[in-house]
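Chemist: Heads up: the protein sequence lines correspond to chains F and V, in order.
Residues in the first sequence are numbered from 1 upward in steps of one, following the working numbering.
Residues in the second sequence are numbered from 1 upward in steps of one, following the working numbering.
These aren't lab readings, by the way, just hints derived from the structure by calculation.
Here a beta-carbon is modelled for each residue, glycine too, at the ideal position from N, C-alpha and C.
Each hint should be verified, as a subset may be incorrect.
[As the list claims (entries may be wrong)] Label-pair distances were calculated between CB atoms; the ranges are:
(1) V/A225 / F/E34: 37 to 47 Å
(2) F/K6 / V/D35: 12 to 22 Å
(3) V/V159 / F/I26: 11 to 21 Å
(4) F/E42 / V/V148: 19 to 29 Å
(5) V/F152 / F/R35: 52 to 62 Å
(6) V/F176 / F/A41: 50 to 60 Å
[Stated by the list, open to error] Calculated cross-link-like contacts (lysine-lysine; reagent style DSS-like; alpha-carbon spacing at most 30 Å):
(7) F/K47 / V/K213
(8) F/K29 / V/K213
(9) V/K70 / V/K186
[As the list claims (entries may be wrong)] Covered stretches of chain V (in silico footprint by chain F; criterion: 3 or more residues with CB under 8 Å from a CB of chain F, positions within the stretch not fixed):
(10) 100-109
(11) 121-135
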Amino acid sequence: MSSGEKYVAAAYLVVFVGVLAYVLIIATKLARLEREVGELAELAKQKAESRG
Amino acid sequence: MSSPNSRLPALAALALGLVAAATTLVFFFAPLDADQGLSQKIFYFHVPIALTAYACFGWGAWKALVHLWKREPAADLESYVAIHQGVIFGALTLLTGSIWARASWGVWWTWSSNQLVLFLVLFLFYCAYFMLRFSVDAGPQRANFSAVYALFGVALIPVSFLAIRLASDFIHPTVFTSAGPQMSGKMFFTFCVCLAAMLSLAATLSAVELSGKRLDVRLRELREALA
Chain F
1 MSSGEKYVAA
11 AYLVVFVGVL
21 AYVLIIATKL
31 ARLEREVGEL
41 AELAKQKAES
51 RG
Chain V
1 MSSPNSRLPA
11 LAALALGLVA
21 AATTLVFFFA
31 PLDADQGLSQ
41 KIFYFHVPIA
51 LTAYACFGWG
61 AWKALVHLWK
71 REPAADLESY
81 VAIHQGVIFG
91 ALTLLTGSIW
101 ARASWGVWWT
111 WSSNQLVLFL
121 VLFLFYCAYF
131 MLRFSVDAGP
141 QRANFSAVYA
151 LFGVALIPVS
161 FLAIRLASDF
171 IHPTVFTSAG
181 PQMSGKMFFT
191 FCVCLAAMLS
201 LAATLSAVEL
211 SGKRLDVRLR
221 ELREALA
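For reference, chain F alone in the conformation it holds in the complex (with noise of 0.2 Å):
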């Protein structure tokens, strides 16, 4: 591999890497709302069964 082709590979690379890691850090965001909208439809659960 020639040194041209060394850097054009590591430019790629980069962007490509951090693309991926700003999906990373939004698919953990994600996890983290999912368990909150569980925690909430547990909540409300809760109070329903109270009322009735």
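Starting from the structure of chain F, add chain V where the hints point.
Modeler: Chain V in isolation, oriented as in the chain F frame:
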């Protein structure tokens, strides 16, 4: 009328298609540069990423103006997300630019190029936006401070963009001059597809982040209502 979320899969599909097309064009369609050879291929992602960062900062400033002018509640969040995207694309610009500099000039960075230094100043200015935003409690005051800061930052964009044309800087190449793009038709077409790919990618990532932030706000409201 369709909601922003219903347009998201179409936007993501467009971004994916354009990024795939752009990568294919860069390596299988655009001719090799006679002067720089293969390392010039970094240009096709580096410059569109930099222009996308400018666009994100500009969009963030526009939303900040909308917030201050019309007091639209969603504008502050949209401005914040746009600036966040701008910082991500700005970091990618600096990283890809540094690799290209090493390949072309033999150095990772040079302080003698006005274009580079002004872009770094712009990037650090917007990094400081987050320090300001998170040092103030959530509420109208934070939104106002952030909006004013975002508007100040937009003044740096034309300075950074025109720096190379205003100053006698011969290190950083000038591809787009008053005489038009200094490249072949095939190269310019590839560049345009790459620019469209980066803009659509930024729009998709913004929409995803904004959707998450809105959901977060609604969940907080729901939690308070249920407490």
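Chemist: State for each hint whether it applies.
Modeler: A quick look at each hint next to the structure:
1. V/A225 / F/E34: 37 to 47 Å: violated (20 Å)
2. F/K6 / V/D35: 12 to 22 Å: holds (19 Å)
3. V/V159 / F/I26: 11 to 21 Å: Cβ of V/V159 to Cβ of F/I26: about 32 Å, so the range 11 to 21 Å is violated.
4. F/E42 / V/V148: 19 to 29 Å: violated (42 Å)
5. V/F152 / F/R35: 52 to 62 Å: violated (39 Å)
6. V/F176 / F/A41: 50 to 60 Å: Holds - the Cβ-Cβ distance for V/F176 and F/A41, about 54 Å, lies within 50 to 60 Å.
7. F/K47 / V/K213: Distance of about 27 Å is within 30 Å: holds.
8. F/K29 / V/K213: holds (10 Å)
9. V/K70 / V/K186: Violated, because 44 Å separates the two Cα atoms, which is more than 30 Å.
10. 100-109: holds (count 3)
11. 121-135: Coverage by chain F is violated for the stretch 121-135 of chain V (0 residues, Cβ < 8 Å).
Figure legend: structure checked against the earlier numbered hints; hints not met, in rising order: 1, 3, 4, 5, 9 and 11.
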